[in-house]
Amino acid sequence: MTEMAINEPAALALENVGKRFGSVIALSDVSMRVPKNQVTCVLGDNGAGKSTLIKILSGVHTPSEGELFVNGQATTFHSPREALDMGIATVFQDLATVPLMAVWRNFYLGNEPTRGVWPFKGLRTKYAKESCKAELAEMGIDIRDTEQPVGTLSGGERQAVSIARAVHFGANVLILDEPTSALGVKQSGVVLKHIRNAAESGVSVVFITHNPHHAYLVGDNFYLLNRGQMMAEYTKDNVSREELVKAMAGGAELDALAHELGAKG
Amino acid sequence: MSTAMAVDERVNKVSPLTRIMRRPEIGALMGALVVYIFFAVADQTGTFFSLDGTARWTDVASTYGIIAVAVALLMIGGEFDLSSGVMIGSSGLFAGLLITEYGLGVWPSILLTFVFAAGIGFTNGWLVVTTGLPSFIVTLAMFFSLRGINLGVTKLLTDTVRVAGVDENPDGTPRAGYESAKAVFASDFSPYSFRIAVVWWLALTVVATLVLTRTRFGNWIYAVGGDANAARNVGVPVRRTKIMLFMYVSMSSCLVGIISLMRLKSMQAGQGVTQEFIFIIAAVVGGCLLTGGYGSAIGGTIGAAIIGMAFIGIAYAQWNTDWTWLFLGLILFVAVLTNSLIRRRFQGARK
Chain A
15 MTEMAINEPA
25 ALALENVGKR
35 FGSVIALSDV
45 SMRVPKNQVT
55 CVLGDNGAGK
65 STLIKILSGV
75 HTPSEGELFV
85 NGQATTFHSP
95 REALDMGIAT
105 VFQDLATVPL
115 MAVWRNFYLG
125 NEPTRGVWPF
135 KGLRTKYAKE
145 SCKAELAEMG
155 IDIRDTEQPV
165 GTLSGGERQA
175 VSIARAVHFG
185 ANVLILDEPT
195 SALGVKQSGV
205 VLKHIRNAAE
215 SGVSVVFITH
225 NPHHAYLVGD
235 NFYLLNRGQM
245 MAEYTKDNVS
255 REELVKAMAG
265 GAELDALAHE
275 LGAKG
Chain B
5 MSTAMAVDER
15 VNKVSPLTRI
25 MRRPEIGALM
35 GALVVYIFFA
45 VADQTGTFFS
55 LDGTARWTDV
65 ASTYGIIAVA
75 VALLMIGGEF
85 DLSSGVMIGS
95 SGLFAGLLIT
105 EYGLGVWPSI
115 LLTFVFAAGI
125 GFTNGWLVVT
135 TGLPSFIVTL
145 AMFFSLRGIN
155 LGVTKLLTDT
165 VRVAGVDENP
175 DGTPRAGYES
185 AKAVFASDFS
195 PYSFRIAVVW
205 WLALTVVATL
215 VLTRTRFGNW
225 IYAVGGDANA
235 ARNVGVPVRR
245 TKIMLFMYVS
255 MSSCLVGIIS
265 LMRLKSMQAG
275 QGVTQEFIFI
285 IAAVVGGCLL
295 TGGYGSAIGG
305 TIGAAIIGMA
315 FIGIAYAQWN
325 TDWTWLFLGL
335 ILFVAVLTNS
345 LIRRRFQGAR
355 K
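Going down the list, the protein sequences come from chains A and B. In terms of the working numbering, the first sequence opens at residue 15 and continues consecutively. In terms of the working numbering, the second sequence opens at residue 5 and continues consecutively.
If you're looking for bench data, these hints aren't it; they were derived computationally from the structure. Remember, it's a predicted structure, so these values are computed and weren't measured experimentally. Hints are supplied without guarantee of correctness; some may be wrong.
What the hints assert, rightly or not - Derived, one-sided and incomplete: chain B residues facing chain A with beta-carbon distance under 8 Å:
hint: 1; residue: Gly107
hint: 2; residue: Leu108
hint: 3; residue: Pro112
hint: 4; residue: Gly181
hint: 5; residue: Ser184
hint: 6; residue: Tyr226
hint: 7; residue: Arg236
To be verified - Pair by pair, the computed Cβ-Cβ distance ranges are:
hint: 8; chain 1: A; residue 1: Ser37; chain 2: B; residue 2: Leu115; range: 53 to 63 Å
hint: 9; chain 1: A; residue 1: Gly36; chain 2: B; residue 2: Thr325; range: 50 to 60 Å
hint: 10; chain 1: B; residue 1: Ala168; chain 2: A; residue 2: Val131; range: 42 to 52 Å
For every residue, glycine included, the Cβ atom is placed at its ideal position computed from N, Cα and C.
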């Protein structure tokens, strides 16, 4: 995988990255590329190292070994803020919004529109409420009352708001941590649509999931992570959905899964 | 899912009543009315309702309220400060000792005391965000440390447990700057005897409310208390926000310490101790969630008003003032119960 490293710079790339926590090896020798304006899926079961991978990409952890490249430049993040400043936004599974806060306050959290000079620098509350509603509507999310706490939204709506927020604030790279895992079929569909829209509007997306069906619907490239190592790499052209599911499930579990899928028709 | 539909059928129209009932301080406001009427009726002296009576209870409420508003903001930010009471004494002693023992001018001493209080608040906040220990423990340690220091240093320097003589030089002449400082911190509006502390209290309530609802920093306060992880992930400076809140609490305790010092012209080493829970009661009665992320500055103010009314009202009703604590205990419980019922009734999924 290393030979493809930096010919045409990827939006985000890892090279031979490893991460240890004491004696635990969470990731070892992981390389991947996130090409611009594409959806790159990272598939892995529980304990595969997905969370650690996300935290390295988003600046929460620094890798123990190997390097991280942003647009071909070797970079080290010391905090999520540094990653954000480089246009890398992460939507964490449960940690993306503050449930007790109004939708508009969440939408602008960390990027609040203000006017005036300190100490009279105020929030542009009216503008924020209206533009939040308009921005969300533009991305196909109809929130009736932006004053309602995010905690009253459904899981899908919350994910959609988080994605819309990241895209609105100029994310070049959007990292999504299991955005569909807690959602119903229909809500998942809506979130997947937002993922595709984001990629088409020029954002490079890293979509982390354990669901190969969801990944195949929106992904351009697929990485398979297992036990802290990158097991395989596919592009949409050279893999079918069945192959992806099979690779993801692996040997012994396959029959049971095939049976389950068969039963679903 | 609402996205595919022009009109979201799952959202009810929200009535104006429900909107009002959603305010965090609504329970406290209704409670304040009940308490006010209760003491107006129970009053044996006929003064509770009068301007004089109002001046009395707002006086008590003001020194509680100045700190309760800060404690409310800190609580919204998800933290506690148990050293807020003892800081009144520490600040008063610090300023008093600078003036009397070291002969520093009154105003420079007051300024230095605010810097000292900011430093204590910074220490509280820095320790909390750096060690990751609960603020309950960190500020409890600060509380006892300061309590010891207050007594130890005062005894060491004055051989007594109080600092006195802030208004006069040792030779009996008036101390320069005392009158002007007294005018700012401890004057009253004759003939009604409303104290200037009430102005400080109300002004700080307004400022805190504006900061909380109309600034970025206010947005961050709700965010760090509601979900510090989510806040950090979207780039909110969680550590800085929390440290600044701790500094605000310490400095508001300092303001009350200076007000007391200017009023009494002296300061006891034990001043302020045990008051820390009164501020927390005021904030909680005012609708702040103990778990953070929810509440209002005005709630702290209403909570302080209820406590002020209770202290003065019980005296005017000519009951034994020992019962004040029982009353505060009941008020706290009933208020929190009512608040949580209101929240459940009007807010659905809110925690």
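We went through each hint and held it up to the structure:
1. Hint on Gly107 of chain B is violated. Least Cβ distance to chain A is approximately 34 Å, over the 8 Å limit.
2. The beta carbon of Leu108 of chain B is not positioned within 8 Å of any beta carbon in chain A (closest approach about 29 Å), and the interface hint is therefore violated.
3. The beta carbon of Pro112 of chain B comes no nearer than 24 Å to any beta carbon in chain A, farther than 8 Å, and the hint placing it at the interface is violated.
4. Because the closest C-beta pair between Gly181 of chain B and chain A is about 27 Å apart, greater than 8 Å, the hint is violated.
5. A cut of 8 Å between beta carbons decides the hint on Ser184 of chain B: the least distance to chain A is about 25 Å, and the hint is violated.
6. Interface restraint check: Tyr226 of chain B against chain A, minimum CB-CB distance 5 Å, threshold 8 Å, status holds.
7. Interface restraint check: Arg236 of chain B against chain A, minimum CB-CB distance 6 Å, threshold 8 Å, status holds.
8. For Ser37 of chain A and Leu115 of chain B, the hinted distance range of 53 to 63 Å is satisfied, since their beta carbons lie about 54 Å from each other.
9. At roughly 59 Å, the beta carbons of Gly36 of chain A and Thr325 of chain B sit within the given window of 50 to 60 Å.
10. A hinted range of 42 to 52 Å for the beta carbons of Ala168 of chain B and Val131 of chain A is consistent with their spacing of about 45 Å.
When held up to the earlier numbered hints, the structure conflicts with 1, 2, 3, 4, 5 and fits the remainder.
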